[in-house]
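Input sequences plus hints: build the corresponding full structure.
In the order they appear, the protein sequences are chains B and D.
Residue 164 in the working numbering sits at position 28 of the first sequence; the count goes up by one each step and never skips.
Residue 138 in the working numbering sits at position 63 of the second sequence; the count goes up by one each step and never skips.
Quick caveat, the hints were computed from the structure, so don't treat them as lab data.
Every value quoted in this text rests on a predicted model; they were computed, and no experiment measured them.
One thing to keep in mind: the hints can contain errors.
[Said to hold, decoys possible] Residues of chain B placed beyond 10 Å of chain D at every Cβ, according to the derived structure:
(1) K141
(2) N151
(3) Y153
(4) S154
(5) K164
(6) G168
(7) T170
(8) E193
(9) I205
(10) Y214
(11) E216
(12) D220
(13) E233
(14) D234
(15) G238
(16) K239
[As the list claims (entries may be wrong)] Which residues of chain D face chain B? A partial, calculated answer using Cβ under 7 Å:
(17) A184
(18) K193
(19) T195
Positions of the beta carbon are idealized from the N, C-alpha and C atoms, including for glycine.
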Amino acid sequence: MTSIKRELICCVINNGYSDLVMEAAKKKGAQGGTIFHGRGTGAADAEKFFGIKVSPEKEVVLIVVESEIKDEVISSIYDEAGLDTKGQGIIFSLPLEDFVTGKKAWKN
Amino acid sequence: MARKTKKTAENPVNNKEFTPFDKENVIRPLKLFITIVTHGQGDGIVKLMEKAGATFSFITNGEGTGRNYLPNLLSGADTKKQIVFTFVREDNTEAVCEALKNRFSLSRAANGISLSVKLTSVAGVSVYRFLTNVRKVKKVQSDDEY
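Put into structure tokens, the structure is as follows:
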């Protein structure tokens, strides 16, 4: 549908860390994103073994970016809210087949 | 006690030879459409998708973080979004894209974005049949087999 190649970045993070993700993404040139809530289901025995508490409340952030800046955005998000941080984010990207929006005039 | 018969490819319960679905039928690939619209317009998008040939979609509530987002200045309702996930057969994509484009360019309030991702696999023949809405399309055998 469009000539520009775009990718969808999905981040699954702990509740309340979506602002960090969006800030990190916008720093590298992403325009905006969409957040919705979910509930995580981790391995309960592993949690006990390692002594970490994984909160089941999660937020999912969807960000559409152009393919060229995808790697930068992902690494930037990973630094801010990756698995090593409190956000405990899992970040992955998917290639988009089609991308449809309204007129450009609506944007501003 | 009655002996239980094992349900395998060689010995199915109904004594018919088991053949995989994709050997006998044409497989039509599916796409997942993710549509993000203003809160309250999700149902409209679902109706539009059904008109264009999709059978199944679901809606979740979410929040948008756009470039021009001014917290506290505008009412909070402005950033509320609905996310619609729809499964579309690949030969229906153009009709769906066209319908969405028309809808989004109606007015500023009706604007939104839609993206699609290719699906690689679906579990269950009945699920696949439901999602694609294909009743039955038999594979045409090539001439040299006769």
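Status of each hint after checking the structure:
no.	hint	result
1	K141	holds (12 Å)
2	N151	holds (13 Å)
3	Y153	holds (13 Å)
4	S154	violated (8 Å)
5	K164	holds (14 Å)
6	G168	violated (4 Å)
7	T170	violated (5 Å)
8	E193	holds (15 Å)
9	I205	holds (15 Å)
10	Y214	holds (19 Å)
11	E216	holds (15 Å)
12	D220	holds (24 Å)
13	E233	violated (5 Å)
14	D234	violated (4 Å)
15	G238	violated (3 Å)
16	K239	violated (5 Å)
17	A184	violated (9 Å)
18	K193	holds (6 Å)
19	T195	violated (11 Å)
Hint violations for this structure: numbers 4, 6, 7, 13, 14, 15, 16, 17, 19, all remaining hints satisfied.
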